[in-house]
Amino acid sequence: MRDFEYLAPSTLVEALQLLSQAAGQARLLAGGTDLLVRMKDGTVNPGQIIDLRQVAELRGIREEGGMIWIGAMTRHSEVASSPLIQAKAPLFSEACRLIGSWQIRNLGTLAGNLVNASPAADSVPPLFTLDAEVILANHRGERTVPVALFAEGPGRTCLGKDELLTSIRFQPLPETAVSFFLRAGQRRALAISKTSLAFTGILDDRHSTWKEVRIALGAVAPTVIRAHRAETYLVGKPLSRKALEEAAAIVSEEAKPIADVRSTIEYRRLVTGNLLIQGLWPLMKED
Amino acid sequence: MLGSMEVDSQRQVDSSRQVDSSRQVDSSRQVDSSRQVDSSRQVDSSRQRATVTLRVNGRERRLLLPARTTLLEALRENLGLTGTKEGCGKGECGACTVLLDGRPVNSCLMLVSQAENHEILTIEGLSSQENLDPLQDAFIAHGAVQCGYCIPGTLMTAKALLLINPHPSREQIQEAIAGNLCRCTGYEKIIEAIQSVASR
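Protein sequence lines correspond, in order, to chains F and Z.
Here the first sequence is numbered in the working numbering, starting from 12 and rising by one per residue.
Here the second sequence is numbered in the working numbering, starting from 207 and rising by one per residue.
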């Protein structure tokens, strides 16, 4: 690792000031589980590191004004074990519990997972189905961006050079919502997902047809994507195996994966649809 | 890789003695020696160094280090605590696991400054002067150690698990140690050893 200037601001104002003065020479340090790997192998050599660990405004999980607010520096293990998230967005805590290993989850942060902009980031598909917003700030002010518009491609986001991601917020799921996050990887721990699927759905009052459905897919496109056609198909459909299998086939079509070291196009397509079946099968009532 | 492992195993032989002596004597020397290195640099390099106060195994240690130093490097190279190992250096193998306020972390993925104001527990702090930790005894009794390289990290993760959950299920043990790779034992005896302590 090359030498760098190390700065550890203790307030958000100070951090944003340093970032604006750095003129693109600084890298923000959140959990470090990706950045340090890249600095060690020499692919990233920042002149300055701005370590955000002491900025209290960037930590915490709370409910305010009917919304769930999570500070960007909150660690995956904190999301996974938060009773509030377990109750109000269980698929999000499930996803955070699957990231990396216990050691990685104790270091890695939501900000890092989002800003890295990997299409395979496991915390992101649940945020898509929760219609989450991310809040970005620079020294002049802040703006709110839908999470679906934050990543623009692998490793690319809409963050300006002087901006940092401060927090994430979303509406809690109703108690009756059906939701899950599933993924396929080489092994359960420490595997980058070959494909992943997040689902949130609300049934009608008689619990027989889908009223609202959101499906997000990870690792099968340059960014996480919504499976809009499968969502539209399912709305109004009963809890039937036939409708589910049709929806899964649409999901497979909507997935636009590449072949790489982790998997093939065919496998990713098929299994992405199968994840929908796996998650919803126990609810199905009729053929 | 092999070369560095060989060096490590030799160090391991007398690591306990080294640790003890370094604990007694050398914290002032450490600061001095790193100052000497740094004095040869340009004037504006001062912010590339960090004065860090670490609380390791209950003792406070003050170090002046290049900011790029990882926690693992500081433990091994500056504090002589060579029980913590480097495997992959990328957070995938868990050999470098130490506890930060009781939570397992990869010390190879932390800058030393990130560990400030936290309690660090390494394998050297797991046992008291005379007695091994019950987990260490159990690993020996169950033959859960072969080459030994992953064991300090695995023990620290197991310790963290039992701290928050004294009676974990087999599945909870498997999930907890999923970030500690062992290429020798096949994990079975490691899991049995942890289970034997958990069922007490």
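Bear in mind the hints are in silico, worked out from the structure with no lab data behind them.
All values derive from a computational prediction rather than experimental measurement.
All residues carry an ideal CB built from backbone N, CA and C; glycine is no exception.
Wrong hints could be hidden among the right ones.
Residues from chain F that keep clear of chain Z, each with C-beta distances beyond 10 Å, as calculated [claimed, not checked]:
hint: 1; residue: 14
hint: 2; residue: 16
hint: 3; residue: 111
hint: 4; residue: 173
hint: 5; residue: 281
To spell it out: a stretch of chain F is covered by chain Z in this simulated footprint if at least three of its residues, at any positions, have a beta carbon under 8 Å from a beta carbon of chain Z; those stretches are [said to hold, decoys possible]:
hint: 6; stretch: 17-24
hint: 7; stretch: 72-85
hint: 8; stretch: 199-208
hint: 9; stretch: 234-241
We went through each hint and held it up to the structure:
no., hint, in the structure
1, 14, "5 Å, violated"
2, 16, "4 Å, violated"
3, 111, "7 Å, violated"
4, 173, "20 Å, holds"
5, 281, "26 Å, holds"
6, 17-24, "holds (count 3)"
7, 72-85, "violated (count 0)"
8, 199-208, "holds (count 3)"
9, 234-241, "violated (count 0)"
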